[in-house]
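**Student:** Here's the letter readout for the chains.
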Amino acid sequence: MIEVENLRLRLNGQPVLERVSLTARPGSVTVLLGPNGSGKTSLLLCLCAHYRPSQGEIRLCQQSLPSLSYRSLARLLAVVPQDHNPVFPYQVREVILLGRISRVGFFSQPTGRDYELVEDILALLQIQHLADKPYTRISGGERQLVLIGRCLAQEPQVLLLDEPTNHLDFKNQYAILKLIKELARQRNLTFLMTLHDPNMALLFADHVILLAEGRIVSQGHPLEVITPENMAAIYHLDVEMVAAGPRRLVCPKNI
Amino acid sequence: MSRTWLRWLLLLSPLPAALTALQFGAYPISPGEIGLILWGPFGGVELPDHIINILWQVRLPRIFLAMLVGMALSASGTALQAIFRNPLVDAFILGLSAGAALGCALSVAFWPGLPIQVTAFLCSLLAAFLTFTLAHTRGEVPILSLILAGVIVSAFFSALVSMIKFLVDPHKLASIVFWLMGSLSLADWLAVRQAGPWIGLGCFLIWLGRWRLNALSMGDVEAKALGIEVSRERGLFLLAAALSVASAVSVSGIIGWVGLMVPHVVRMLAGPDHRWVVPLSMTLGATFLVLSDTVARTFTGGEIPVGIITTLAGAPFFIFLLKQRGQESWRT
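Line order of the protein sequences matches chains A and B.
Position one of the first sequence corresponds to residue 1 (our numbering), numbered consecutively onward.
Position one of the second sequence corresponds to residue 1 (our numbering), numbered consecutively onward.
Hints in this document: simulated from the structure, not taken from any laboratory.
Some chain B residues judged to face chain A by a derived CB distance under 7 Å, without partners named:
(1) ARG85
(2) LEU208
(3) ALA215
(4) VAL221
(5) ALA225
(6) PRO272
(7) ASP273
Ideal Cβ placement from N, Cα and C applies to all residues, glycine included.
Given these sequences and hints, build the entire structure.
**Tutor:** This is the structure we're talking about:
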C-alpha cells in the first residue's frame, strides 16, 4: 500500500511536483501516465527515498517514509530501474541473489534459504536456462525479467517500475505486463509503474494516474481517466476511442 | 578447466610461490634443506648457522612482507573498483598511495616520534577523500572524472613529497628516496610486525563485506534501493582500503600495477562475483608479488625495484588476458 498526501518536490529551486496525492492498493496495478518531463520518474524517486520532498507525506504500508532506513525500506519496497548500465558481468543468479542483501546481517553471507528462494524465482519467471549466463549478455526483455526477479527476492510489499516496457519488443511488452498483473493478484502485491503507452494502461492497469507538469490531472479507473478530452489536454493530441473486441483503446485521429 | 578448479588453484597459489621463493637468492638453498630448517624448531638439525639465518632472518620475513603487501594492494584495488564501479582504478591511480607516501615522508622528516603507519593512514585517507569529493558531481562519480581527480590529487601529494625532500637534510633524504622507489629490500620481522596487523585488519574488513561490493557496484540509486546505506558503507570500504594501502606503502614504498591488474585477472579467470573476487585477489596478489620480488632480487647481481618487475610482468599478461576473454569483464 502506498499513500501519498499533498506532496511537493522542488529540485534546484524548480517546482517538479505540486500537491500530488495518491493511493496504490495491494493486489492491484497502478499506472502513472504522462508526457516526458511531467514528473513521473521524480515521483518514483521520492517514493524510494532518493529525493526528499519539500512538503507532504508518504506512507508505505502505514509507515512514514522518512522514518525508515534504506535497509528496512528495501524490505518493504523494491525498485526496477529504468536503464541499467552494469559494469561487471555478474551471472543472472548472482544478480537475483542480491535482492536478499537487505535480509541478511551487515557482514553476513547468503544462506541455504536465500539460494532456494532464488531457484524458486528463476522457476516462477521461467528463466532457469539463463541462471548461469552473464546478465550483460542477455536480451533486454530477459534482463527486465531478471531485475523483476531481483525485486521479488527482496520479498517486498510494494514494487515500483520505471517504464518496464522500454526497449522491449512487441511480444515482450505484453508478456512483462501480464506477468506483473498476475504477480499483483497472486501475491497481493502493490505495483506502481510509469508507462508511456495509454493503450498498455487500458489493457493492464487497475488504476491510472494522469500526470502533467508535476500535477495530477485525473485519476481513477482506466476508462474514466484515459478519455479523448484528457489526452487532448495533456498530450495536445486528438484521439478517439476505438473498440477492439470487448476492450477499448485509443487511436490518434489525424494520421 | 572448470571455474571451481581455477578458484582452488588461485586460493592455494601462495604456498608453492613461497616455497619457490625460499630457494632462490644470492645463496641457493635446496628444497631438502628448507624442509629441514622449517622443521628445525621441532627436531635436531645438522645445518650451518648461516643457512638457517638466511632463511629465518632474511628470506622468510621478506616473503611474508611481499605477501602482505600484495594482499593489501589487490584487496584495496578490488574494493575501490567495485565501490566506484570503475574498472580502471586502484589505490595508485586514486592517489591513496601518493597520500600514504606523503605521510611516510612527513613522519621521517618532521615527526620521527609518530608511528609511520598513522601518518601514512591519515594522509592516504585525506587523499581518498579529496579525490572522491573532486569527482563527485550530482550524485554520480563519472569514470573519467574520478581518474582525472586521482591524477590531480596524486600530483599534488607528490609535489608535497618533493618539497619535503628539498627541505630535509641529506641523511633523511636518502631514506625517503629509497622508500619511494618501491622495494621490499628493507624487509625484516619488525616490518612484518608493524604492517601485518593493519594490513590484516583492512583486508579482513574488505573480506567481511565482500558480498556488499556486488550491490555497491550497481550504482548509488540501485544500491540504496537494495537496502545499502551507500555513503556509510562506501566510507567503510575506503577506510579499509586506505588502512591496508597505507600500511603497505609504509614498509615497501609505492608499488604500482598490482592493485589494478590482479582483480582483473581474477575476474577473468573466476568470474565477477566479489564473494570470490575478494579472497582470490588477496591470494593471487600475494603470489604475484612474492614471485615478482624473487625475480627482482635474483635477476641481476643487485636489487631491481620490484615495481619495475610488477609492471614488466603485469602489462603483457594483462593484455594477453584482455584479448582472450576480456571484453565481457570490463565493459563500461
